[in-house]
Each structure stands twice: as structure tokens, then as C-alpha cells.
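Student: Sequence:
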Amino acid sequence: MIEILNPAELDRARATGALVADILQALRGRSVVGANLLDIDRWAGELIADAGARSCYVDYAPSFGRGPFGHYVCTAVNDAVLHGMPRDQTLADGDLLTLDLAVLLDGVAADSAISFVVGDTRPPESVALIDVTERALAAGIAAAGPGARIGDLSHAIGEVLTAAGHAVNTEFGGHGIGSTMHQEPHVSNLGRPGRGYRLRPGLLLALEPWVMADTDELVVDADGWTLRSATGSRTAHSEHTIAVTEDGAEILTLPTRA
1 MIEILNPAEL DRARATGALV ADILQALRGR SVVGANLLDI DRWAGELIAD AGARSCYVDY
61 APSFGRGPFG HYVCTAVNDA VLHGMPRDQT LADGDLLTLD LAVLLDGVAA DSAISFVVGD
121 TRPPESVALI DVTERALAAG IAAAGPGARI GDLSHAIGEV LTAAGHAVNT EFGGHGIGST
181 MHQEPHVSNL GRPGRGYRLR PGLLLALEPW VMADTDELVV DADGWTLRSA TGSRTAHSEH
241 TIAVTEDGAE ILTLPTRA
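Each residue of the sequence shown is one higher than the last, beginning at 1 in the UniProt record's numbering.
Honestly, the hints are just simulated from the structure, not real lab data.
These numbers come from a predicted model, not from an experiment.
Check each hint, because a few of them may be wrong.
[As the list claims (entries may be wrong)] Simulated restraints on C-beta separations:
#: 1; residue 1: T162; residue 2: D223; range: 16 to 22 Å
#: 2; residue 1: A163; residue 2: P7; range: 33 to 39 Å
#: 3; residue 1: A15; residue 2: R122; range: 32 to 38 Å
Backbone N, C-alpha and C define an ideal beta-carbon position, used for all residues, glycine too.
Between the sequences and the hints, there should be enough to build the whole structure, so can you do that?
Tutor: This is the structure we're talking about:
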């Protein structure tokens, strides 16, 4: 299913996107050395409930997971990159943490992910991984607009990732979003320009470049959800929900406060 939102629905999408971004920033501020992943998940649940929204993850049960997910936010640490299931783990100085949050508010969903280093230590490899995913995300957004094709976005993202020397896993990528979290079209992080679905104003996309330092192979934890690099290398993941507009693309998941 591909949804094209009308102006009223787009206004609701803006509100949902701002909520997701603000919750992620609040969680980032609390994700200090010694914080427990289960506490981060609990805080996410409280912030979502306070806003009258609901997490898209609690009842999420796709074919590739061991569902339902049963938590409010994905928490991926170091070699974990996608679908990180919160567990009894405390954060240490220098950990690379990814928080991935999707929320439904007033019938419209938004999805975003941020990666950052916990504490005062800044391992150069972690900083570089975060930087390349953020640059790839910016490139994908810049390529979006009415008349562009999905392959144009995938190509723009992949060019940044591969130029930095990364192999790109194409099992998981971006996606359409609207009244539900995951919709068509799929947006691979590697692709050929001029191919695929043609973008139209009112289309919402969640773009999410992610990389692993020295591999493109994933392994899954015993929890049936958490995906890690097969080599144990560090990972990073950046994501925004955007709306295709008449003259480009609007980022919906920007925080409303610093």
C-alpha cells in the first residue's frame, strides 16, 4: 500500500514527527553512563503516553521478527544496529547507542533514529560511522522531490556510504509511512537512478541509511529481534521521516527545541 496524504493529514504528520524528534532528544539527554536500556524504554513509554500517542513497536510482529516486539523504542548498542530489543544492560563510557522510535498520533505515524556516543570518550571509528550515515541521509533527502524516483534516493544514499568504503546491506532500508509504520515503497540504501516508483507530493518516506564498520552481514540475537554485525564491529543508523512537497522534501522529524 502506498498512501498519499492530503493537507490535513500532512499537518497531523508534522505533529507526529515533531513528537518523535522531541522524545528522541529527551531520551538522548537521559542516555548517560550507567543508564539502563530498560529504563530508556520505560521513559519512552511514559513520554509517548503523556502525549496521547502510542508506540508502533509494542504490537509490531512482522514475519522477520519473533513478535510481538513488546517494547516502546529500539535500543541498539555498539555492534547492534537494527531492532535492538531493550534489555538489562547499562551504558558505558564510549558506547555507541542508536535509538529508533516510531509513534502513531492522530492516525499518522512518524519514524526516526539517531546514533550517538555515550559519555565523554569519542572513539574515532564511532564518530566516523555516525557522520557517514548522517551525510547519506542528507543526500537521500536532497534527492527527494516530485518526479524523482525511488532509485534516485537509493543511489544518492549508496554513493555516500560506498565512497566511505562501506559495503551496503540491502535486506533492510527505508520505507513508505502513513497511517501505519511500514508501507511501500521500499527504499534501499543502494540503487540505480531513474528506477522505481515516481515520488508525488503528499508521499511520506522514512529514509534510514545504516552501516557496519567492516561487513554487510547481519546476525540475529537469541531474542529473535536484535540485528548485529556478523563481525562484532560497530554500527550506526540515522533516520528521518520526510514529506514530498510540491518543490522538494520537508523533514518532519526535527526537534522543536534544542
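Student: Decide, hint by hint, whether the structure agrees.
Tutor: Structure-based check of all given hints:
1. T162 x D223: 16 to 22 Å: Given range 16 to 22 Å: violated, Cβ gap about 31 Å.
2. A163 x P7: 33 to 39 Å: Roughly 38 Å apart at Cβ, these two residues keep to the hinted range, so it holds.
3. A15 x R122: 32 to 38 Å: holds (34 Å)
The earlier numbered hint that this structure contradicts is number 1, and it is the only one.
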